Amino acid sequence: MQRLDSERTANQLRSFETEFDIIKSADGSVKYSQGKTTVIVGVYGPIEVKQKKEKAGTSFIEVSVTSEDGIQHERDIEYAIFIRNTLENVIHTKMHPLTSITVAIQIVSDDGSLFATIINAVCLSLLICGIEMKCLFSATNFLIEKKNNEINKKIFIDPLKREEENQIRKQNDNILDSSQKALVTIVVDNVSFASLAIFTDGLIDENVLFRCIELSKMSGKTIFNFIKLALQKKLEKN
Amino acid sequence: MLTKKTTNCEDKFVENCIKEGYRIDGRTPQEMRPIEINFGKQYGQVQVSLGTTKAMCSVTGKIVEPYKDRPTEGNIRITVGFSKTVSQFLGSQTKEEEELVEISRMIEHGIKQSRAVDTESLCILAGKKVWSIMCNPPCLDCFTLGAQEVTITDQQIEIIHLESEREYIPLSVHHTPISITFAFFNNGDFLIADPNLVEERSMQGSLSVLVNSHDEICSVQKNGGSPLSIDQILHCVKLASIKAREIYSFARRRLNSHLEIMRRNAYKNRLIVSSVCKREIVDSNIVDDKISENLKFISHIGKNFEYNKFSSENVMEIENLDDDKNSDEDEDSDKNSDENSDENKNENKNSEYDDLNQNLKIEVKEEDLEITNGNQLENQLEIENENQLEIENQNQLEIENQNQLEIQNTFIKIPTKIRTKRKTKSNKISFSEESLPKNQNNIKNQNNIKNQNIIKNQNIKKSKLINVDIDDIFKEIESPESFQSLQNNLGKKKRKMKKNNKKK
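Here the protein sequences come in this chain order: X and P. Heads up: the first sequence begins at 1 in our numbering, then just goes up one per residue. Heads up: the second sequence begins at 1001 in our numbering, then just goes up one per residue.
No lab work stands behind these hints: they were computed from the structure. Heads up, a few of these hints could be off.
Stated by the list, open to error - Derived SDA-like pairs: lysine to any residue, alpha-carbon spacing no greater than 25 Å straight-line:
| id | chain 1 | residue 1 | chain 2 | residue 2 |
| --- | --- | --- | --- | --- |
| 1 | X | Lys233 | X | Met218 |
| 2 | X | Lys234 | P | Lys1243 |
| 3 | X | Lys154 | X | Lys181 |
| 4 | X | Lys228 | X | Asp27 |
| 5 | X | Lys217 | X | Lys237 |
| 6 | X | Lys36 | X | His73 |
| 7 | P | Lys1084 | X | Asp76 |
| 8 | X | Lys147 | X | Lys94 |
| 9 | X | Lys234 | P | Arg1263 |
| 10 | P | Lys1041 | X | Gly70 |
| 11 | X | Lys36 | P | Gly1026 |
| 12 | X | Lys24 | P | Arg1201 |
| 13 | X | Lys36 | P | Thr1079 |
| 14 | X | Lys134 | X | Glu74 |
| 15 | X | Lys161 | P | Gln1042 |
| 16 | X | Lys36 | P | Ser1257 |
| 17 | X | Lys53 | X | Lys36 |
| 18 | X | Lys161 | P | Gly1040 |
| 19 | X | Lys146 | X | Lys134 |
| 20 | P | Lys1041 | P | Arg1263 |
| 21 | X | Lys94 | X | Gly202 |
| 22 | X | Lys161 | P | Lys1041 |
| 23 | X | Lys24 | P | Pro1034 |
| 24 | X | Lys237 | P | Lys1084 |
| 25 | P | Lys1041 | X | Lys217 |
| 26 | P | Lys1243 | P | Arg1263 |
| 27 | P | Lys1084 | X | Lys181 |
| 28 | P | Lys1084 | P | Ile1035 |
| 29 | X | Lys146 | X | Leu203 |
| 30 | X | Lys24 | P | Ser1257 |
| 31 | X | Lys134 | X | Arg84 |
Unchecked claim - Ranges of calculated distance between the beta carbons of each label pair, as one might list FRET restraints:
| id | chain 1 | residue 1 | chain 2 | residue 2 | range |
| --- | --- | --- | --- | --- | --- |
| 32 | P | Lys1041 | X | Ile71 | 20 to 26 Å |
| 33 | X | Ile198 | P | Gly1026 | 53 to 59 Å |
| 34 | P | Glu1031 | X | Gln72 | 55 to 61 Å |
| 35 | X | Arg84 | P | Thr1006 | 55 to 61 Å |
| 36 | X | Ile198 | P | Thr1028 | 57 to 63 Å |
| 37 | P | Asn1008 | X | His73 | 43 to 49 Å |
| 38 | P | Asn1223 | X | Glu74 | 32 to 38 Å |
Note that this is a predicted model, so its numbers are computed, not measured. Where a beta carbon is used, it is the ideal one built from N, C-alpha and C, also for glycine.
One chain only, chain X, in its complex shape:
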C-alpha cells in the first residue's frame, strides 16, 4: 500500500536523526527528529526544589511541553500530563528524594506522529542526562483508516500530518467524510516489550488495537537499535 506523497509502505517508519548536547545549560539535551517532525528536549535533574513541590521519599517529576508558537495549547498540557505519568513508573524516583527532575520539551516542527517523537526524544535525553531508569521506552503512532470503498480498516505506522488530518480541500460531497480515522500511540518497554502506555483518539476495534500492539513491539525494536547506535557513536567520539 502506497502512502501519501512518500516512498514508504504502510509498515515503514521514517528516518531518525539525533543530535546531542544542544543546550549547554541543561544536564542532558537532545534534538530528535522522525522525518520532518523535530523536537528538542532538555532535562534538568536531579535539582533542588521549592518546598511546595518537594516530596519526602521520591523526586518530583515535572514535564512541560511548548509548541512552536511559544504558547502552551491544551494539547501540549495533555501530552505533558501523559508523559509525566509514564515517567513516574519508569524513573527510579526513590533514589533522589527531595529533588526534582524537570523535562522541558520544545516542539520545533510538526509533520505527523508528534507524540511518538516526543516520547522517543524524552527517552534519549534521560539516558544522556544519566537519570536511573527501570527500562528504556519507545513509542510509535498508528493511523487507522477506513474508506468507504474498502471493506477492512488499514493500519499505517508513523503517519504524516497530511494523513492524519482530514483532507478538506475537496469540495465534492461524495468525498467529504469518506474515511474514518483513528490515531493510536503505544509506548513500549525495553525489557519485556510490554506496553507501558496507550493513547487513542477515535473509534477502534479490539482486533485492530491488538494488532497495533504487536506492531509496536517490532517498531520498538528498531528504535532501540537506533538508540544503541547513537550512544555508541557518541561514546566513541569521546
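Place chain P on chain X using the hints.
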C-alpha cells in the same frame, strides 16, 4: 541579561581587560563570535547561533481576512519567547518579560518595514512569525539574525499544500536588517562588539544597531546606560554596517545552498510521485544514481496497483509478511547504517553542518529500508505480470534499447510518450484537481472544470511534469480500467493547459 547578579571582582576584571585591549574569551574588542546557521526540515525554520547563544525561529503563513482599512495588505505577527528548556531557572519572570518586550519591539521596528506586502492571492496572506529562544549567554543579535534568515527562507504555498505539486514561491523580502550590539564600559570610553554573558552583566550600557546590507539604518536602540558622544555612535554604526554586510553575504550563501538541497529533494519527490501515477517501469539494470534506486522501488510499487486479485484477506496477509521481515531487515539496516551514516555525515557536513563539529548526526537511510522491502514485493507480484497494460511493455522495450544517458532523458520525457501512445479514449472529461468523480457526475463537472482551469491557469507555472492530486490516484486506482481513465484525463488536462497558455 537574564541574571543580573555579578560580583565586583568580575566587573573590575572585565573592565581592566578591556582597557588593555583584550577580552575574556580571547577576542579583540571589535570581533564577533562565530555565527552558525542551521536550517530546519521544513521551509521557514532556522536556528542561528552566535557562539553558544542560540535562537530558533519558525515562520508560518495562514490565509486570513485583511484589515478593513488596508484591504490590499497582509500582516506579520512576531512573538518572542524564551523556551522553557532554558529559562526555567534563570531569573524571575518579570525580568524575562521585560527583556522579551524589548526584543520583540526592536525586531518589529526593524523588520516590519522591510517585508514586502502580498497582493497577489485572492485572500490575503497573513504571516505569523514565531520565535522561541534558547539561550546560553544571551545576546540580542542572535534573535534578529534569526529573523532575517527566516524572512529569506520563508516560502509561500500558493493553493495546494504539497511541494510535490507546485513549486513554492519565496516571500518577497526587500532587504534584510541585521543587528549588532555594542556594550560600553567606563562611562562610554570603551566599546566592544557582541558582548558575552559575563560582559553583558558587567557592562554599563548597550547600543544595538539594525543595519541593512545597503548601508541603511533600520533601527537604533539604546536603552539607558551611560551617555555616549556622537562620534562614538557614528563609529558604532560604521562598524555595524561593515559587519552586517559580511554576515549577510554569509547567510545568503548558506541559504542558497540549503534551498538547492530542498529543491532537489522536492524534484525527486515530484518525479517519484508522477512516475507512480503513470506506472513507469524502468529496467533495474540501468543506472547507479540515487534516482534510479528510487525508481527500482517505484517499479515494484507500480505493479502493486493491480488490485483485481487483491481481496481484503490478501492485503492483510501481505501486511503480516511485511511485519515479520521488517523487524529483521530494520535491524540489518541499522547495522548497515553504520557505513551509511559516515557517508551521510560527510554529505551533511559539506552542505549543512560544517560548523557543528562537536555534535553528532546519525541517520538511518530511508532508501535502505525501502529497497529491502521492494525485493519482497517482487516475489509476491510475479504472479501479476499478465495484467500489465500494453503501454508498459512498449515503454520497457524503448528503454532497454537505449543508452544510459538517453535513458535519463527519456525518463523525464516519458510522460509525453505515454500521452501520445494512449489508445483508449473515453468520454470521461471529469478529471480535475479536486476529485475524480464517478460516471454520474460527468455533465456537472464539465462546466465546473472549465471555469476552474481558467482560474488556475493564471496562477500555474509552467512545468514539465503534470501536477497530480495524489489522493485521487490512491483512492481510485483499484482496477486497470480506472487507471486508464486517469491517464486519459491527465493527457487531456495537459492539452488544455497548453491551449490556454498559447492563447495568452
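Hints versus structure:
no. : hint                                 : verdict
1   : Lys233(X) <-> Met218(X)              : holds, 23 Å
2   : Lys234(X) <-> Lys1243(P)             : violated, 36 Å
3   : Lys154(X) <-> Lys181(X)              : holds, 10 Å
4   : Lys228(X) <-> Asp27(X)               : holds, 20 Å
5   : Lys217(X) <-> Lys237(X)              : violated, 31 Å
6   : Lys36(X) <-> His73(X)                : holds, 21 Å
7   : Lys1084(P) <-> Asp76(X)              : holds, 13 Å
8   : Lys147(X) <-> Lys94(X)               : violated, 49 Å
9   : Lys234(X) <-> Arg1263(P)             : violated, 32 Å
10  : Lys1041(P) <-> Gly70(X)              : holds, 19 Å
11  : Lys36(X) <-> Gly1026(P)              : violated, 39 Å
12  : Lys24(X) <-> Arg1201(P)              : holds, 19 Å
13  : Lys36(X) <-> Thr1079(P)              : holds, 23 Å
14  : Lys134(X) <-> Glu74(X)               : violated, 30 Å
15  : Lys161(X) <-> Gln1042(P)             : holds, 13 Å
16  : Lys36(X) <-> Ser1257(P)              : holds, 19 Å
17  : Lys53(X) <-> Lys36(X)                : violated, 36 Å
18  : Lys161(X) <-> Gly1040(P)             : holds, 17 Å
19  : Lys146(X) <-> Lys134(X)              : violated, 38 Å
20  : Lys1041(P) <-> Arg1263(P)            : holds, 12 Å
21  : Lys94(X) <-> Gly202(X)               : violated, 37 Å
22  : Lys161(X) <-> Lys1041(P)             : holds, 14 Å
23  : Lys24(X) <-> Pro1034(P)              : holds, 17 Å
24  : Lys237(X) <-> Lys1084(P)             : violated, 29 Å
25  : Lys1041(P) <-> Lys217(X)             : violated, 28 Å
26  : Lys1243(P) <-> Arg1263(P)            : violated, 30 Å
27  : Lys1084(P) <-> Lys181(X)             : violated, 33 Å
28  : Lys1084(P) <-> Ile1035(P)            : holds, 23 Å
29  : Lys146(X) <-> Leu203(X)              : holds, 11 Å
30  : Lys24(X) <-> Ser1257(P)              : violated, 28 Å
31  : Lys134(X) <-> Arg84(X)               : holds, 15 Å
32  : Lys1041(P) <-> Ile71(X): 20 to 26 Å  : holds, 22 Å
33  : Ile198(X) <-> Gly1026(P): 53 to 59 Å : holds, 54 Å
34  : Glu1031(P) <-> Gln72(X): 55 to 61 Å  : violated, 39 Å
35  : Arg84(X) <-> Thr1006(P): 55 to 61 Å  : violated, 36 Å
36  : Ile198(X) <-> Thr1028(P): 57 to 63 Å : holds, 59 Å
37  : Asn1008(P) <-> His73(X): 43 to 49 Å  : holds, 45 Å
38  : Asn1223(P) <-> Glu74(X): 32 to 38 Å  : holds, 37 Å
Going down the numbered hints, you'll see the structure goes against 2, 5, 8, 9, 11, 14, 17, 19, 21, 24, 25, 26, 27, 30, 34, 35, while the others check out.
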